[in-house]
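Please put together the full structure from these sequences, using the hints given.
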Amino acid sequence: MKVDILGCAVRAPGFPDWATARRVLTGGAPYDRDAVRQSPPPVPLPANEQRRLPATARDALGVGAEALADARIDDAGDVATVFASCGSDGEITHQICDALARTPPQMSPTRFHNSVHNAPGGYWGIAFRSHAPSTSLCAFEASFASALLEAGAQVVSEARRVLLIVYDLPYPAPLSSLWNVTMPFCVAIVLAPHASTHRAISIEISAERLEPSWPDGIPSELRMNPAAAALPLLALFASGRQGRIVLPYAGDNVVLVSRE
Amino acid sequence: MRHAYFRNMTVTSALGRGCDATLHALREHRSGLARNAFAGEHYDTWTGVVEKLDGVALPIGMERFDCRSNRLIELALLQDGFADAVLATREKHGAHRVGLYVGTSSAGILEVELGYRVRDREVRALPDGLRYREAMNLFSPAAYVAERFKLSGPIAVVSSACSSSAKAFASAWRAMHAGLCDAAIVGGVETLCFTTLHGFASLELLSRAPCRPCDAGRDGISLGEAAGFVLLTRDRGDAAVALAGYGESADAHHLSTPHPEGAGAAMAMASALRQAGWQRSDVDYVNLHGTATRTNDVAEDAAIRAVVGDEVPRSSTKGWTGHALGAAGLVEAVITAMAIRHSFIPGTLNCSTVDAAIRGNVELSGRASPVRAALTNSFGFGGSNCTLALAGVR
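Sequences listed follow chains Z and G, in order. So that you can map any letter, position 104 of the first sequence is 104 in this note's numbering, and since no number is skipped, the others follow by simple counting. So that you can map any letter, position 32 of the second sequence is 32 in this note's numbering, and since no number is skipped, the others follow by simple counting.
Derived by calculation from the structure, the hints in this document are not laboratory data. One thing to keep in mind: the hints can contain errors.
Claimed, not checked - Only some residues are given here: those of chain G computed to face chain Z with a beta carbon under 10 Å: (1) 21; (2) 118; (3) 344.
Stated by the list, open to error - The list that follows gives simulated cross-link-like pairs (lysine to aspartate or glutamate, DMTMM-like), each with its CA atoms no further than 20 Å apart: (4) 150(G) - 17(Z); (5) 150(G) - 208(Z); (6) 2(Z) - 182(G).
Said to hold, decoys possible - With beta-carbon atoms standing in for the labels, derived distance ranges: (7) 117(G) - 55(Z): 39 to 49 Å; (8) 160(Z) - 91(G): 12 to 22 Å; (9) 258(Z) - 204(G): 24 to 34 Å; (10) 53(G) - 173(Z): 24 to 34 Å; (11) 295(G) - 44(Z): 52 to 62 Å; (12) 34(Z) - 57(G): 44 to 54 Å; (13) 243(Z) - 34(G): 34 to 44 Å; (14) 204(Z) - 92(G): 19 to 29 Å; (15) 50(Z) - 236(G): 50 to 60 Å.
All C-beta atoms in this analysis are idealised placements derived from N, C-alpha and C, irrespective of residue type, glycine included.
Here it is, written out as structure tokens:
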């Protein structure tokens with residue numbers, strides 16, 4: 001599949017914003033884990049909804065809005081969204097399971113509706129008044145590549161722009177004993193039908209035995225986060241050069257992304 | 001759009017194992033709902049439970065995937081020759097050319113809930129030996145099916161609440177269209193858990209009686225368990241039914257309440273019609289999302305009337321199966337395909353007096369009738385809407 005990248009955004013320790021990430025990923029600045037953006041990204045929701053927004057949705061909507069801005073898209077209404085996350089929202093899962101284990105079991109209705117995997121997608125539509133299709137995927141370690149394939153397939157099949165948002169935040173205790181993600185990572189990429197050689201990428205599934213790519217100088221601890229699988233693609237795009245990167249996928253497969 | 005053919009399909013729910021059991025229950029007006037016995041006396045509601053799941057064993061070497069949701073998947077795969085059809089398709093196209101898209105809202109979350117119940121009193125740690133990827137995470141159903149059949153094509157779990165497995169059809173069709181695979185397995189699975197029972201109770205959406213879709217006295221949903229699969233191919237073979245279109249939209253209204261006039265639902269239906277290249281007069285039947293909540297059934301009625309009018313017969317089959325949440329789209333796609341294949345329009349079990357606010361033609365008793373073109377609706381939390389257009393191809 002051949003599609004164009006129109007814009008990117010990222011939010012993670014060491015990658016407070018896309019401008020910094022671009023410098024770090026192209027060797028223009030060292031990786032600094034302490035470079036963290038403190039303020040939550042602004043989301044155009046009423047104060048009431050804003051307060052109830054789960055952490056995952058807040059971060060996902062924030063990077064999504066930044067990627068649209070980077071792509072110079074003002075109207076989110078005709079951009080479809082593909083959300084993906086391996087771990088969903090661990091804070092909410094913990095709160096729900098903890099409350100359900102009490103006698104008698106307890107449940108908050110807001111927490112329940114926030115617990116669905118597509119809660120960020122639902123809040124996206126409300127915040128940006130978008131009726132465009134939105135899907136929410138999970139493919140464990142392959143979550144980023146799976147979402148990239150879905151977004152690419154939407155661009156190719158439906159000739160529309162698609163915003164891809166992939167996020168994973170560390171789990172709180174005791175859920176953290178189940179999953180080894182220790183650093184948060186959120187990424188958003190706007191894809192569009194192919195029109196420009198400069199922005200084009202080709203995406204394919206391959207059974208070649210290839211080691212997934214990883215940019216130089218980035219701590220491998222971040223690699224445990226399935227969303228951070230986006231980093232080699234971001235590095236390739238930021239470099240402006242030709243090349244090919246290997247993304248982890250399911251089974252024995254990898255996903256290859258190349259740039260001419 | 002180009003058809004994707006239903007080459008094999010199967011469904012297992014409270015109605016029984018496989019398509020024949022489901023068809024008989026629909027024809028005999030026999031509901032799968034019973035007074036809830038899951039998790040003790042905290043729940044005064046009716047549920048559609050799949051019996052004897054405790055006795056289902058996963059194949060040797062697959063034990064690490066063991067959980068209620070994967071047991072239900074295993075049981076479903078063994079019906080209607082589905083597992084054999086997957087193997088034949090893998091043989092024909094190659095393991096890397098068979099896609100796998102499974103819809104679920106809860107997957108193995110029950111295992112996490114049970115883990116919290118037996119937490120260490122002192123350090124509050126979860127017990128040892130929990131298998132997160134295989135039996136708990138949202139991906140666990142797809143991980144299980146891929147491992148069981150050694151599939152290595154495009155793969156994802158679609159989890160958009162109650163539209164999950166309807167949207168899995170859309171993802172599968174796109175993967176085939178984009179050339180990522182030549183065939184795709186679409187699945188759906190949902191088992192009972194504490195989160196959904198208590199969650200819907202906290203929203204006051206659980207009926208105290210068997211759910212009564214479209215009835216004036218309806219008071220909420222009955223939860224149901226189900227798993228099902230459809231094998232989609234590009235070539236028609238001996239298929240009787242095809243996916244002819246799909247439509248997706250977002251309500252952009254509220255996380256857990258549908259838009260009152262069904263605006264988003266209407267967009268999804270209109271988009272499915274457009275993709276199928278159908279006029280409103282082409283539609284012979286609409287399988288409702290029809291959850292039996294006060295809000296859903298009225299909003300859906302408004303949406304359908306706006307898109308295909310008042311006359312097209314429509315019915316909800318949730319009085320039989322209960323609401324299987326993430327699996328509902330799959331279950332109802334299979335039921336709608338049965339309606340096409342066996343020329344009948346299902347009724348709406350437990351509905352005796354249609355709500356005066358619902359003005360479309362709700363089919364109550366069910367009857368024989370040719371069905372060549374049908375829509376099936378699935379709407380979920382987060383305002384996620386999906387409509388599938390299914391066509392008879394014989």
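Which of the numbered hints above does this structure break?
1, 3, 4, 7, 8, 9, 11, 13
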